[in-house]
Amino acid sequence: MSEHLVPQTARITDIVKETPDVKTYSVQFSSGEAFSYLPGQCAMLSLPEVGEAMFSISSSPTDSPMEFSIKEAGSLTEKFHRLEAGWDVGIRGPYGNGFPLDMIRDKDLLFIGGGIGLAPLRSLINYCLHHREMHGDVHIIYGARSPQDLVFKRDLFENWPECERVRVDVTVDAGDEDWDGPVGFVPPFLEELDPDPKGKVAITCGPPIMIKFVVQSLDKMGYEHKDIVTTLEKKMKCGVGKCGRCNLGSKYICLDGPVFTMDQLDKLPEDY
Amino acid sequence: MAEMQFMTHDQIVSLLQRFSEEGTVYAPTIVEDQVDFSSRWEAGELVQALKRGNSTLPPKDLFFPQTESIFRFKSKDRDLQIEPADPEEQKFLVFGVRPCDARSINMLDEVFGGPDFEETYYKRRRDNSVLATWTCVEPDQTCFCASLGCGPGEADNADIHFTDVGEGAVVQPKSEKGRQLLQDFGSFREAEVEEVKAAQRVVQKAEEQISLQAPVEGVDDALTDRFEDPVWGEVSASCIGCGICTYLCPTCHCYDLQSEVWGGEGVRYRCWDSCMFSDFTRMAGGENPRPTKRERIRNRYLHKFSYMPDRYGFYGCTGCGRCLAHCPVNIDVIEFLSRAKGVSPSE
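Chains A and E are the protein sequences, given in the same order.
With our numbering applied, the first sequence corresponds to residues 27 to 298, in that order.
With our numbering applied, the second sequence corresponds to residues 55 to 401, in that order.
By construction, these hints were calculated from the structure, which means they are not laboratory data.
Just to be clear, a hint being listed does not mean it is correct.
As the list claims (entries may be wrong) - For lysine to aspartate or glutamate, the following EDC-like pairs were computed, each having C-alpha atoms within a straight-line distance of at most 20 Å: (1) E:K145 / E:E122; (2) E:K128 / A:E29; (3) A:K246 / A:D222; (4) A:K105 / E:D131; (5) E:K395 / E:D310; (6) A:K293 / E:D274; (7) A:K105 / E:D283; (8) A:K293 / E:D283; (9) A:K261 / E:D333; (10) A:K293 / E:E282; (11) A:K293 / E:D275; (12) A:K226 / A:D195; (13) E:K347 / A:D297; (14) A:K293 / E:D364; (15) A:K252 / A:E296; (16) E:K130 / A:E110; (17) E:K251 / E:E57; (18) A:K238 / E:D275; (19) A:K105 / E:E314; (20) E:K347 / A:D206; (21) A:K133 / A:E159; (22) A:K105 / A:D47; (23) A:K246 / A:E217; (24) E:K105 / E:E261; (25) A:K105 / E:D133; (26) E:K231 / E:E246; (27) A:K261 / A:D40; (28) A:K293 / E:D279; (29) A:K238 / A:D220; (30) A:K179 / A:D206; (31) A:K293 / E:E349; (32) A:K261 / E:D310; (33) E:K130 / A:D195; (34) E:K128 / A:D297; (35) E:K145 / E:D163; (36) E:K130 / E:E314.
What the hints assert, rightly or not - What follows is a set of in silico ranges between Cβ atoms, one per label pair, in the way DEER data are often shown: (37) E:E389 / A:S90: 55 to 61 Å; (38) A:I235 / E:A291: 27 to 33 Å; (39) E:Q234 / A:Q34: 35 to 41 Å; (40) E:R180 / A:P208: 20 to 26 Å.
Source: prediction; values computed, not measured.
Each residue gets a CB set at the ideal place from its N, CA and C atoms; glycine is no exception.
Go ahead and model the full structure; you've got the sequences and the hints to work with.
What follows is the structure in structure tokens.
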């Protein structure tokens with residue numbers, strides 16, 4: 027039992043501009059001791075004079091420092107985007123269940139990400155690549171609105187493709203003069219690539235509308251809902267299932283989620 | 055100590071006065087013709103206030119305040135300092151709580167405690183408090199507690215229970231805290247058999263006065279798979295989103311965290327929030343899973359009658375009738391429950 031709504035302070039040690047509206051922040055806890063976490067878990071970040079919001083942790087627990095990739099969307103994230111390295115922020119967590127590490131053990135993994143939705147997936151991808159012997163082939167399919175909106179370009183085009191038994195396919199909704207890769211939305215791109223469902227778990231995160239169509243595509247391709255994993259987001263305030271915002275039926279995304287299998291989501295009201 | 059004691063009204067007042075020397079007493083107080091729990095209760099008006107119907111606001115704010123400081127912060131240039139607010143350690147007695155409201159506190163114990171995560175803020179206040187209930191002698195016309203397994207004389211989770219029998223009250227300590235309260239602060243004697251019988255008659259008479267019934271039995275099952283039912287559009291049509299139902303509800307517990315800022319420093323505080331408000335679930339960027347009153351009322355009713363039974367094993371309603379009595383457009387929870395069950399294929 028602790029004063030759970032009180033954050034610790036952490037210092038931003040590095041900021042990487044991923045896209046025009048996404049930056050990745052490395053943080054170091056002022057106490058010197060970061061909380062431990064699992065891939066897919068989240069944390070509350072705050073600038074107390076502006077507010078606080080839940081963000082997925084985009085680094086793997088096997089890596090240091092802890093990282094968050096933040097898209098400018100509202101007043102808090104706008105302020106975050108004006109910060110520089112050396113500034114303090116508030117942090118509390120970790121929250122949520124994280125990805126089902128037991129379930130994906132020894133499986134081939136298909137990651138399907140859209141936009142900033144790659145952030146939680148990146149935590150798990152890097153975790154799996156760290157424990158390479160614990161998983162089979164890794165196939166990463168990712169899309170963004172335009173080439174300049176692709177996040178984690180170094181991972182997508184350098185780090186991940188260099189790893190053993192890893193395939194990365196990237197598409198954009200609309201290309202530009204420098205883009206010579208695939209063009210098109212993620213769901214049809216996925217269907218075109220048609221990865222075999224056998225022995226595979228699909229893990230997807232992106233805008234809600236993308237997730238919806240990705241699941242339809244996976245259905246067509248023969249994936250069972252127990253083998254489709256997604257991670258959800260809703261507005262949150264407490265992080266521990268009390269404040270009442272993020273429920274899906276009787277489940278709280280902050281506590282029972284944010285990671286669910288489609289099998290589990292099929293039994294819950296579509297309140298997201 | 056025998057189970058049933060008797061205290062005169064004067065002895066009750068002096069018990070509260072004696073406790074006041076060590077802690078705070080919150081008791082029903084008439085303020086502008088409305089009864090509310092207050093630490094500024096009047097000894098001379100206590101009995102009169104207790105004879106009135108239930109308080110307008112439930113006493114939940116004594117455990118889960120409308121606003122409470124969580125931490126102070128100071129940002130100077132790049133540095134941020136955070137200091138937790140001082141915990142409230144004040145002992146207090148809540149006197150004259152109606153059994154329905156005591157039951158709601160029992161529910162909040164599960165919500166803020168429970169197996170998943172125990173909140174310090176709430177628990178500390180519960181641990182520091184004594185809950186003294188009072189038989190509801192004059193139930194209001196909007197009371198339907200009996201339908202929810204509650205009753206005007208039932209107070210399972212009270213520390214001590216009082217039933218007014220005219221010249222005084224029959225007193226039943228129900229927990230160690232209640233026994234201690236009597237021992238430390240009370241003057242009392244063992245209740246006579248006739249007084250105990252009189253108390254039983256008072257409870258019985260009060261029970262008979264509760265004529266309103268809510269068809270809650272099995273409504274959680276009846277609401278299964280009704281997420282897209284037309285009933286939500288219908289029951290929410292007249293809602294103006296004022297939030298009074300959530301404000302007065304003894305089991306509503308949604309909250310927000312906000313900051314008060316002056317210069318580079320401020321206070322982060324927690325305050326009540328309402329699922330009836332449009333920005334309750336609206337995310338940065340504008341996306342909102344509950345964009346209209348249809349989705350918001352749906353969530354409120356399902357939360358009370360489907361989600362809470364599923365998560366905690368009880369309906370999130372005590373039948374106190376406050377939402378019924380105070381909704382400015384007469385949205386009627388009983389009518390909703392009847393409709394929900396009436397169109398149920400399971401019936």
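Against the 20 Å threshold, does the CA-CA distance of E:K130 and A:D195 hold or violate the hint?
violated (45 Å)
Just to be careful, I want the Cα atoms of E:K251 and E:E57 compared with a cutoff of 20 Å; is the pair within it?
holds (14 Å)
Given the proposed pairing of A:K293 with E:E282, does the C-alpha separation stay at or below 20 Å?
holds (14 Å)
Tell me if the straight-line CA distance from A:K293 to E:D275 falls inside 20 Å.
holds (14 Å)
Lying within 27 to 33 Å: is that true of the beta-carbon distance A:I235 to E:A291?
holds (29 Å)
For a C-alpha distance cap of 20 Å, please report whether E:K231 and E:E246 respect it.
Since the Cα atoms of E:K231 and E:E246 sit roughly 24 Å apart, the hinted pair is violated (cutoff 20 Å).
Given hint E:D310 paired with A:K261 - CA-CA distance at most 20 Å
holds (11 Å)
35 to 41 Å was suggested as the range; check whether the CB atoms of E:Q234 and A:Q34 agree with it.
About 39 Å separates the Cβ atoms of E:Q234 and A:Q34, which means 35 to 41 Å holds.
Would the pair A:K293 and E:E349 pass a check requiring their Cα atoms to be no farther apart than 20 Å?
holds (18 Å)
Starting from E:K128, check that the Cα of A:E29 is at most 20 Å away, please.
Since the Cα atoms of E:K128 and A:E29 sit roughly 18 Å apart, the hinted pair holds (cutoff 20 Å).
Quick one, are E:K347 and A:D297 close enough, alpha carbons at most 20 Å?
holds (14 Å)
Starting from E:K130, check that the Cα of E:E314 is at most 20 Å away, please.
Measuring from Cα to Cα gives roughly 16 Å; hence the hint holds.
In this structure, the earlier hints numbered 5, 7, 18, 20, 26, 27, 33, 34, 40 are contradicted, and the remaining ones agree with it.
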